[in-house]
Structures are given as C-alpha cells and as structure tokens.
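Enquirer: Protein chains in written order, with the numbering used here: chain A, 1 to 420; chain B, 1 to 420.
There could be a bad hint or two in this list.
Pairs involving identical chains hold if they fit within one copy or between any two copies, as the list cannot separate such chains.
[Claimed, not checked] Simulated pairs of lysine-lysine, DSS-like, Cα-Cα distance not exceeding 27 Å:
(1) K210 - K295
(2) K249 - K74
(3) K102 - K376
(4) K32 - K376
(5) K364 - K208
(6) K196 - K272
(7) K101 - K315
(8) K210 - K399
(9) K344 - K227
(10) K370 - K32
(11) K367 - K394
(12) K102 - K344
(13) K367 - K101
(14) K399 - K101
(15) K399 - K370
(16) K370 - K101
(17) K295 - K344
(18) K315 - K376
(19) K364 - K394
(20) K102 - K227
(21) K367 - K344
(22) K32 - K344
(23) K376 - K295
(24) K344 - K101
(25) K102 - K210
(26) K376 - K101
It should be emphasised that the hints constitute simulated quantities derived from the structure, not laboratory data.
2 protein chains.
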Amino acid sequence: MERLPGFRDFYPEPLPHPELWSADARQYIFDKWRGMARRYGFREYDGPPLEALELFTTKSGEEIVGQLYNFTDKGGREISLRPEMTPTLARMVAAYERGYKKPLKWFALPQLFRYERQQKGRLREHFQFNADILGERHPAADAELIALLIDTLRSFGLTEQDFVIRLSSRNAWQDFFRDHHGDAAQEYAFYQIIDKLERETPEQSDEKLKGAGLSLEEVSAFIELGKPTAELEAILQNLAARGLSDYVKIDYHVIRGLAYYTGVVFEAFDRKGEFRAIAGGGRYDNLVKLISGGKVDLPALGFGMGDVVLLELLKARALLPRFDAALDAFCLIEDEALRNESLKLIHDLRAAGLVVDYSLTPAKSDKQFKRAQELKARHTIRLDRMPTGELTLKVKNLKTREENVVPVAEAAARLCESQG
Amino acid sequence: MERLPGFRDFYPEPLPHPELWSADARQYIFDKWRGMARRYGFREYDGPPLEALELFTTKSGEEIVGQLYNFTDKGGREISLRPEMTPTLARMVAAYERGYKKPLKWFALPQLFRYERQQKGRLREHFQFNADILGERHPAADAELIALLIDTLRSFGLTEQDFVIRLSSRNAWQDFFRDHHGDAAQEYAFYQIIDKLERETPEQSDEKLKGAGLSLEEVSAFIELGKPTAELEAILQNLAARGLSDYVKIDYHVIRGLAYYTGVVFEAFDRKGEFRAIAGGGRYDNLVKLISGGKVDLPALGFGMGDVVLLELLKARALLPRFDAALDAFCLIEDEALRNESLKLIHDLRAAGLVVDYSLTPAKSDKQFKRAQELKARHTIRLDRMPTGELTLKVKNLKTREENVVPVAEAAARLCESQG
C-alpha cells in the first residue's frame, strides 16, 4: 500500500534511499526554530489541524479557496485542513485575549495542508515556523519579529552572504496608488499585479497596470527609488542597533499575496535567487477583529517559515550536520552468563541520562562490535568477571581506541565526562 | 468562530482559564517521551496524518471502522485521518526494510483521530507516544519494550505505587481456548468477550461465553491461576534483572481489542484504578506481512501511550512542574537614550543562548519591573551611563534581590553562571 500523493514519510538516518525525507533533519529544524523563539521570549501554542471551512473563507482573498484541502465530515460539517496558522491564532487569541498581558509573543510549528493539482514533487503539506506579536502597533514590534527571523536563519549557520530580508510596506504602495489617482475599487487588484511583477513579462504587467489607470514606468520608478516610509526607517534603525543591517534591504517588489496584510510586509530570500521565498510575513492589524466578529481589536504581525525550502537551502549550502543514533555506549555481552548484570548496568546508565544500546539476543563478539560501529557509538562497554568473582567494566573509546577498566559504580560518571 | 467539537487548542501558561489545555504541559510530555525513547536507542520516524482508508480497513477488526475520521477527498479518494500509527509504521517499514539493520527500534509522537458520536469531554484527537521493535521474535524484545514503557512513566516521577503493567498473552488464551475445545471460528469473538470481562456483569459474560462453548467459571479459574507462559517467564526474568519487578504483574484479563495482536499483550494502569489504561501494546507478528501484501515478513511489537490519560494522572498525583516563560533576564530600559545600546545587549545575550525579553516601547520603570516579575524572570538587567561616558550594567537576581555591577562584556557569562 502506498502513501497519499503529495505527503511525506519521515525516516530515521542513515537514509536507505537519497530521496527519502529525514526525520532527524526535521527534528533538527524544529529544535532550532523552537530554541530561537524561546530565546526571544516567544511562547508556544497550537491549534487543531482541522478547522471549520468558514474560518479560512472569511479572511482570505478568493485566491486561496481553490487550494484548500477541504471536505465534508460525517456530521455534514464543512471542514478544512489548515492551509495556514494565522486564522487559528486569531481565533484563539480572540477567545482569551483578556487573560494575557500584551503584547503577546507566540509561536507554533504547525503542519499545513493544501490541495493543489498534483505536479511532480509538489507537496500537499509542509511544516511551518509561525511567530506572531499581537497587541503592539509600534514598529519596534516589527523590528523584534524580523530580528527573530534573521537570528533563526543564522542559527542554522546561514550568513548575510546566504540570505536577505526584502522589506516593504503596503502603506507605501497605498500612498503610491492614491497619489497616482488609482481607482479605489481596484486597490487590491493592483496589489496582486505588484505581487506578480517578477513572475510576468513587462508587457503583461504594463497592460494590467494600464487597466488600473497606472503604468509600469511609474511603478518601476517607485520601486527603483525604494524610499523607506517612516515605519520602515524606524525598523531599519532598530535592526541596525542590533548589528543586523546587512541582513535587510528595502525592496518594494514584495507586497505579499494574501488579502489581510495591512502595513509592513517582508520576505526572506537566498541571495543567489535559486529558491522560492524562505519565509514571509507582515502586519495584519484588522484580522483579529474580523475573525472575532468585531469583539476583539488587536494589532498584529507575524511570519511563516516552511521546512521544505529551508531544507533545500541548508543542503545546497552544506549546512546540515550528520545525523546518527548519538549512542553514548553500546554494551557488548560476550559472556551470556553476564547478560542479567549487563541489563542492570544498561538500565542504570540509561537512568543516568545516557543513550545506550546492546544486542537483544546472543550474538558473536565481532558481530556485536560491528553493530556498535554501525550505530556510531562513542564507546563500547563490557562487563567481565574476575577470577576473584568481582565484576569489572571495560570502557573503550571508539574514536581514540583507548580502553580503560572502570569500577562498575563509576560507569555513568565516566561516560558522562567523556561525552563532551 | 469556534473550534471544531472534540478538538483542542493549546495555550501558553499561565492559563487564563482552568479548563484550557496547556501547550507547555504538552511539550513537557513530548520532551520526556522523546528523551527516554532516545536513551533506549529508539529512532524517530513519522508519517502523514492522512492515509488511504484501505490501509486501516485492511488490517483492523470491523470494530474500528465506524470510529474512523474518514472522508472523500477532492480527487474522489477514500481517505482517513490516522486512528493509530501501527499501519503507517508497517507500510513505511515494508517499503524500505532492506535498508535498515534489524532489529529496528523506532518511535513516533503522532496526533491520532477518531470520529465518535460526540459526548461531553470526549475528544476526537489525542497525541500518542508509539514505540516499536521490528525484526526480533525473542521475548528479550518484549522485555526491552516494556522496560521503555516503565522508564518513560518513571521519568515523570510516577513510581510502582502509582502504576503497574498488566502482562498477558494471546498465546496463553489461544492454548486455553483450544484445550477447552473452543470452536475455531469463534476464537476472535472469544477474545472480544475476554476483553470486555471487566466492563460487563458476570451474567452477561457467562452467557456470551456459553455461546462459544465455554463457561465463566473456567475462564475465571484460568485468570485466577495466572500461570505465566514460557515467554512471559522470560520477560519477567529480564525485567527483574533490570530491577523492574515491582512494576509488572501477570494479569490475563488483558487481551487487547485489536484483531492484529499475536502474542504478548500488556496494558499500563494506575494502581488506584481511577483512570482508563495509560498505555497498551503487544506483539503483532503478522501485520507487516499483511500490509505489504506478503512481500515483507517481520515480527514486530509495540505500544502506544496517549497524552490525555497521562496528563490526568500527572495532575492527580501533583507531578506536573510549574511552567513559565523561563526568562533568564528581563532588560529594563529606563533611559530611552540607551535603547539602542540595550537592543545590542539583548541581541548579544540571546546569541549566547539566553532567554531575554524587554519592553518593546517606552514604559515607566515600575511598569517594566512589574512585567519582569509577571514573566518570572530570574534577573533584571539595566544599562547605565556613567558621568565618564562609560556604560555599566546592573544585574539583579530577583530571588535573592541581590544587585551587582557587571562589565557589559561579561554579562552573558555571568548570567549563564547563575542559571543553575
């Protein structure tokens, strides 16, 4: 039986086939995401992978609906697997916002789903690091969020040579649109044209822009000038104070497709332009109000970073570490008469926090040793019974090949020592 | 807008309402599960939350089908959200078993789903710790798996006073059934009667058993005697060698409902009998063969432990720690002229691995200090400009109330020191 098209299985390393997805690499990414979010004082939340379809159709531009992984459940409800986390976050915050001091700094690592026409290699799910700040209008919040985005990417070993945050603002485009007497009814359509500027020919864009009463020439000049708004100036200064100037630039090409963004928007790209956006986000000051039916009004902003593009980039830059079982010790049981004593030792070492494995059944000495090597154990350990009846323990460091006799009672301490 | 019935939102602590689910408690449980599995040399895997419906209907007794969260997708496929992890594991292992050395020791922390008629408090999803060993028929594998189960529960602070593993065997019941000339066609129905023994009246059970040509008296005597089979003896001895005898007992009431179990079965229960089973599992030596259409034949066994009963038990035994933001430092910005220098300091401390927060916008000194206390920060830190122009840093330990002046360059080292 096969898994569903567009979904992934995650296998332990070493992978028996180069096209398999690594569960260890996934966990490595999750740990980095979670670790940096916590350092920044962000707190974790999560919601259900399924929501009422209405939660997503209420808030999104029409462009998202056809892509939803939606269905009718056994109770006749219209349901969707979540395509993004922000509506769930807005719903959750709206329900209990009085119980939390503002601003909220929250993060989640949800799996997200979409139902697109199946193309080779196109996935129907991915994992996403979502970080949001709610309850603060000041651009200091935008800067804090963008700094988290930058430092998260840096924690993987990526540098300013590898990626850049392209910073833009819906407000800037709104001013431009009004200054150029754009038709208010066409404002959102105009944003969609800007969003597609880099993917279409100048002729296509120009024709569409003319339809909205504008020209590609005017638009291109505005992008070329790239004059930061006051809010963008404040963000750039804040990031400069942190020493992060080399990681950001103003780029008005970025406008973000989703309908709900209201202010600053940004995307992270690899400098070489080989991959799709690594992350994207922005301000959505009206969404909580919309989702809560007007009951709760909280300014908000956030970003999402997917696992798939990030993993491609880390692979291309050779920044993924080698993953293995990380065994502190493999216990060789060469004398079956000592199996019970070995089990006790193994149990004590695990209780002390060490990662220990062994052969479940009797096996030849060299086969056991080979297994220890395959598992990249740092040490082999083996009990021995002295002619006096006393038990001794031999600890061998598989890197240095050095072997020492260690009192059984000191085994855990010795192995912990040489872990570093 | 509301979340779907039977699903949970997970909020950061402190929770604004006692009935909310804690994202921090969930992560605490996940960390313990993952940590103990790794110490035992188990490797993580995961599959998609959705599978073809067929994967579950092929392997399960009819009793599971009505409970599936299944639906038809946009492409007309019959789909189900996974109700358990074992079929996915069998599918994944069957696809790449040649690429891995046996035995496999694998674990996963999947979210599982069911669609039951909605009752108050009945959930339609939960998270489950799944650990499995594949490729080993010897009862040493059963003992290793049960030891992992015991040590996982112990890692939460639970003791032999709190829980016990009830150990049983389908083989023992099979022998009993044949010795008593049960009708082979009724064997699985017989297991279902045993499975329900503790939930039905003696009269109900006796009547059903008579239908299968047996009596409650014979069955009760067999359970009462509780004579371990050879495989159970081997497991008990193995666990005794590890010092875990007080955590297990033979109890033939346990037989497990699912059709695919073939040998040893077991369940973990709280000693006081207040809760449903904490965990359950057993051998399923034929399942990989069934799922792979006969291509791969691997003996296997595993257990599942859900998050909901475990959390109830930990709460009842007061074994959950207090969760908070775990801030190493809250940076007070009392002089706005020092905001940029403070941002730099905060950034450096976070880069050193510390959890640091601050007020995004200008705020009164006492309000900032109050926020630091609310967040349970271990220290407050604040920059000060000397009349000489030099910057100094004041570090205050919020527990001891002690305040020290620390060279700015040494801030990270000092705060790391006093973390312990």
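Enquirer: Now tell me, hint by hint, if it's right for this structure.
Expert: So, going through the hints one by one against the coordinates:
1. K210 - K295: neither (40 Å within a copy, 63 Å between copies)
2. K249 - K74: neither (50 Å within a copy, 42 Å between copies)
3. K102 - K376: between (48 Å within a copy, 16 Å between copies)
4. K32 - K376: both (23 Å within a copy, 24 Å between copies)
5. K364 - K208: neither (75 Å within a copy, 51 Å between copies)
6. K196 - K272: within (20 Å within a copy, 64 Å between copies)
7. K101 - K315: between (40 Å within a copy, 26 Å between copies)
8. K210 - K399: neither (69 Å within a copy, 66 Å between copies)
9. K344 - K227: Classified as between: cross-chain Cα gap 26 Å, same-chain 70 Å, threshold 27 Å.
10. K370 - K32: neither (33 Å within a copy, 30 Å between copies)
11. K367 - K394: Intra 18 Å, inter 60 Å, cutoff 27 Å: intra-copy only.
12. K102 - K344: Result: close only across copies, 23 Å inter versus 52 Å intra.
13. K367 - K101: Intra 60 Å, inter 12 Å, cutoff 27 Å: inter-copy only.
14. K399 - K101: between (52 Å within a copy, 22 Å between copies)
15. K399 - K370: Within. Shortest intra-copy distance 14 Å satisfies the 27 Å Cα cut-off; inter-copy 52 Å does not.
16. K370 - K101: between (57 Å within a copy, 11 Å between copies)
17. K295 - K344: Classified as neither; 61 Å inside a copy, 38 Å across copies.
18. K315 - K376: within (22 Å within a copy, 39 Å between copies)
19. K364 - K394: Intra 18 Å, inter 63 Å, cutoff 27 Å: intra-copy only.
20. K102 - K227: neither (32 Å within a copy, 62 Å between copies)
21. K367 - K344: within (22 Å within a copy, 55 Å between copies)
22. K32 - K344: Answer is between: at 22 Å across copies they meet the 27 Å cutoff, but 35 Å inside does not.
23. K376 - K295: neither (57 Å within a copy, 30 Å between copies)
24. K344 - K101: Answer is between; shortest inter-copy Cα gap is 25 Å, intra-copy 50 Å.
25. K102 - K210: neither (44 Å within a copy, 66 Å between copies)
26. K376 - K101: Only across copies: K376 and K101 sit 13 Å apart there, 48 Å inside one copy, limit 27 Å.
In terms of the numbered hints stated before, the structure departs from hints 1, 2, 5, 8, 10, 17, 20, 23 and 25, listed from lowest to highest.
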